[in-house]
Amino acid sequence: MSTLGTTPVKVLPKQPWAATRRDRSITFAIFVASALISFAVVVATPMNGKLAYIFIFFVSLLIIDFIYFRVKLGRAAGVDSFFKTLFTIAITLAIFPIASILWEVWVRGYKGLHWSLFSTDMKQYNFTGPVADGGLIHAIIGTLIIVAIAVLISVPIGILTAIYLTEIRGRFSRPIAFLVQAMSGVPSIVAGLFILAAIVYPLTKSFNGFEGSVALAILMIPTVARTSEEVLRLIPEDLREAGLALGGTQWRSVAQIVVPAARSGLFTAIILGVARVVGETAPVILLTGGANVININPFSGTMESLPLYIWSGLLAGTPEAFTRAWTGILILLAMVMILFATARYFGSRKVGK
Amino acid sequence: MSSTQIVKKKGVPEKRAITTKPRFSDKVFRGVVTSGGLSSLVILGLILLFLAYESISTLRAQGMYFLTGSNWDAVTGANGHIDFKASHFGIASMLIGTLICATIAILIGVPISVMSAIFLTFYAPMAIRKFAVTIIDLMAAFPSILFGLWGYFILNPVGVYWAKLIHKYFGAIPMFQMPTGPYFDRSPFVAGLILAIMIVPIVTSISREIFAQTPLDRIQAAFALGGTKWAMIRAVAFPYARSGVVGGTMLGLGRAMGETVAVYTVLNIVFQTNWHILAGAGGNVASMILLKFSDASADEVKALMAAGLVLFLLTLLVNSIANVIVNRSVKGRA
Chain A
1 MSTLGTTPVK VLPKQPWAAT RRDRSITFAI FVASALISFA VVVATPMNGK
51 LAYIFIFFVS LLIIDFIYFR VKLGRAAGVD SFFKTLFTIA ITLAIFPIAS
101 ILWEVWVRGY KGLHWSLFST DMKQYNFTGP VADGGLIHAI IGTLIIVAIA
151 VLISVPIGIL TAIYLTEIRG RFSRPIAFLV QAMSGVPSIV AGLFILAAIV
201 YPLTKSFNGF EGSVALAILM IPTVARTSEE VLRLIPEDLR EAGLALGGTQ
251 WRSVAQIVVP AARSGLFTAI ILGVARVVGE TAPVILLTGG ANVININPFS
301 GTMESLPLYI WSGLLAGTPE AFTRAWTGIL ILLAMVMILF ATARYFGSRK
351 VGK
Chain B
354 MSSTQIVKKK GVPEKRAITT KPRFSDKVFR GVVTSGGLSS LVILGLILLF
404 LAYESISTLR AQGMYFLTGS NWDAVTGANG HIDFKASHFG IASMLIGTLI
454 CATIAILIGV PISVMSAIFL TFYAPMAIRK FAVTIIDLMA AFPSILFGLW
504 GYFILNPVGV YWAKLIHKYF GAIPMFQMPT GPYFDRSPFV AGLILAIMIV
554 PIVTSISREI FAQTPLDRIQ AAFALGGTKW AMIRAVAFPY ARSGVVGGTM
604 LGLGRAMGET VAVYTVLNIV FQTNWHILAG AGGNVASMIL LKFSDASADE
654 VKALMAAGLV LFLLTLLVNS IANVIVNRSV KGRA
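Protein chains in written order, with the numbering used here: chain A, 1 to 353; chain B, 354 to 687.
Calculated directly from the structure, the hints in this document are not laboratory data. A hint or two may mislead.
Stated by the list, open to error - Here are some chain B residues pointing at chain A (derived, C-beta under 8 Å):
1. R376
2. V385
3. S392
4. I488
5. I550
6. T613
7. V654
8. T668
Note that CB positions come from ideal geometry on N, CA and C, so glycine has one too.
Chain A on its own, in the form it takes in the complex (with noise of 0.2 Å):
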């Protein structure tokens, strides 16, 4: 396929099993066919929706591959064909409600948007008010407080997990491996009934956001723990003997040469823990108590988070409530994916860089 020229010729390998255009204008074919059969049958028969046109094309696209490579491969080739149609069609629809969310956050979310949100709270208004009128700056700076707790507590925890699974290797290596996946399976739901039963009702007998950031940080220790254990798998056994030939301790070729090492990715292992918990609902309404103003002080006194602004927004119940939570439906969603991005930029550099 490459050009002739003056150039010195890079010659590629012949690939007779790659689609010819011919393929390809095949399958084009069987897929336009496909639609218009879904058309047809949506316009002759009482079946009618956008539910009845995607079935149909799906039956129909399965149909007509299946008999068209029949007849012109014969029986193996139908299938084969089959199969791939039907998992392709499988992906679609894998696919699909993401972008439906993604559509949906966004019509219905941008409304709610202004300027004021990041500047106002809703001490003197309603939430049943109109959509201009207050913020959400108090649940924004109610989240990151709770959230930077939370990483407070768990991310130490975790990477010392970490460290001891793949460092230490002790005998407790495998059970603390299983316990720890066990212990990410750990309904968030739980995990706020925990906090009521061991802090709450015993001791503080009131809620206040440092006992979300707990409960956050119980649901965050998981995914530190295993990321950062597959990060750390990852340094060259080499760097650890290194070190050690060098007449360091384990502490110190631990601490400078293999946590150094693996910066990067014990980054990305937080991201995500702070990604996994930053939309967790279920604890902070058990355990934060929800405000309309500003808390900074996670202590004392209860504490709005996002998750909380918009189930207040679900529950509330009518037309300008619903706009607010999607509106912070969208604000949370844009945190969730910078930090899903900025995960994904540093889990792609090399380790070591």
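Given the coordinates of chain A, work out where chain B should sit on it, guided by the hints.
For chain B alone, coordinates are given in the frame of chain A:
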């Protein structure tokens, strides 16, 4: 000769004795790291301990009724506290409802996930694979409140429409009957749908990990024998990946059983066992806890703690079994 010169220089320390005994700094290091490593054990233990402690009064008064009964009414005694003997706390319908929703989620979500994983591993061109994997990983990071909101406003109306169709054409099957009238709104079916969407990322990524490990020589052997791609997948990839996919499915089941907020918005919680999945009444332990918590007295919360304990043990069990299976089939896992 050089060594003698060095030793003679001033200020150079004596040669250290070679020893394998850990130094003080290493002892401290090992101690700190080990205690950090044991934290997961401590936390899980504390969760169990505190939830069990708070649930004692409920479990003692209700006995087996807590697991077999389907009634939730708190009777306040003369002293202003809840009379645990006179009250009824039974979560059978909630447990059954949880299992029904999770089963629907598995039945819908797992085939889509596994087929997507096959597509991504064996069929997709590099660019599409990268894009789709990123999108699906992103979906795994979506907060559950997002699914709750989307489920309530977008999926529920669609789900109701589908439920009506299913009821119309397959109404003869007992499961799809509507004995209490045409109330399709917020049914276990819709809750199952949202859970199916939510477990797609985890089941897909685990299945993908396993399919990607299919031994290359066996794949090539299948092709060399003249097999088509589907023949290769059926004869080589499926048998190789079967147990791992089962493990991934169980991880999805564990997720689906513990989900709270997303189910809360799309499920009408009723304390009555409902096997008719299209009818707008169902049960779910996690969502029930959230529902009852808002107006529960401190005593009633103890009953909710007991429900939380049951949920904790159930998800722990399912997750542990799943992890054992997955670890066995995915290389490089602990």
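Verification of the supplied hints:
For B/R376, the interface hint holds, the least distance from its beta-carbon to any beta-carbon of chain A being 5 Å, beneath 8 Å. Annotation: B/V385 was flagged as interfacial toward chain A, and the flag holds, the nearest CB pair being 7 Å apart, inside 8 Å. Against a cut-off of 8 Å between C-beta atoms, the interface hint on B/S392 holds, since the closest Cβ of chain A lies about 5 Å away. Proximity of B/I488 to chain A holds as hinted, the smallest CB-CB distance being about 6 Å (cut-off 8 Å).
Hint status for B/I550 relative to chain A: holds, with the closest Cβ pair at about 5 Å, below 8 Å. For B/T613, the suggested interface contact is upheld, since its CB lies about 4 Å from the closest CB of chain A, less than 8 Å. The interface hint given for B/V654 is met, as the beta carbon of that residue sits about 7 Å from the closest beta carbon of chain A, less than 8 Å. Annotation: interface hint on B/T668 holds; nearest CB of chain A at approximately 5 Å, less than 8 Å.
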